[in-house]
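Peer 1: In our numbering, the protein residues as written are 346 to 549.
Don't read these hints as lab results, they were simulated from the structure. For every residue, glycine included, the Cβ atom is placed at its ideal position computed from N, Cα and C. Keep in mind that a hint or two might mislead.
Unchecked claim - If you anchor each label on the Cβ, the simulated ranges turn out as follows: (1) Thr389 / Thr505: 29 to 39 Å; (2) Thr533 / Pro349: 21 to 31 Å; (3) Glu496 / Gly449: 18 to 28 Å; (4) Val485 / His363: 21 to 31 Å; (5) Gly478 / Ala544: 24 to 34 Å; (6) Gln523 / Ala417: 36 to 46 Å; (7) Ser444 / Glu415: 48 to 58 Å; (8) Pro349 / Asn386: 43 to 53 Å; (9) Ala407 / Ser444: 39 to 49 Å.
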Amino acid sequence: MTAPIRHIVFDIGRVLIHYDPDIPFSHIIPDPEERRWFFANVCTHHWNEEQDRGREWDEAEAELISQYPEYADKIRAFRGHWHEMVPHALEDSVSIMLSLIAAGHDVTMLTNFARDTFAEARQRFNFLNAPRGVTVSAEVGLIKPDRKIFEHHVATFGLTPENTLFIDDVPANVAGAQGAGWQAVQFTGAEKLRADLSAFGIAA
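Whole structure, please, built from the sequences with the hints as guidance.
Peer 2: Right under this line is the structure:
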């Protein structure tokens, strides 16, 4: 029998807000093959993760521009057009989160996010201020799925791991939470999230 859930922790990107770098880059690099190459070799997921870990954009851009000077403008465009990559909230899952808060559940957030882009997101999407608090990876120098970021979140917010449910779209992060003793589910959509919560005895 699973332990009762007393704490619910939401990821943000692709769970509460839409995120897709292709939105601006489909215009910046119109050729699909070149765009795929650019994301696979230049502005890669790993490169972007280092901003989530706390590296400043100026340093990140300079590193890539020294290697790919012909792509300098496009490298700078990644941060410059970030606001276009997050065009809207995922309203159904936001509604679930807000209903959980309204019902008295303890809700926090744990996210891989750069400092400045999170500050921008928080200004644009007021619901990010509704939970009790948030751990932002860049502010603590750790990124999911590192066990230490889950332990940091537990210590910061006084959670009990076995009574904590984590909601994230990335399987590795779900596994990371489970490895830290949390219960966790993969987010694929609001309908499945409601079903997952119901399985834990939580109405949403």
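Peer 1: Hint numbers the structure violates, sorted upward?
Peer 2: none
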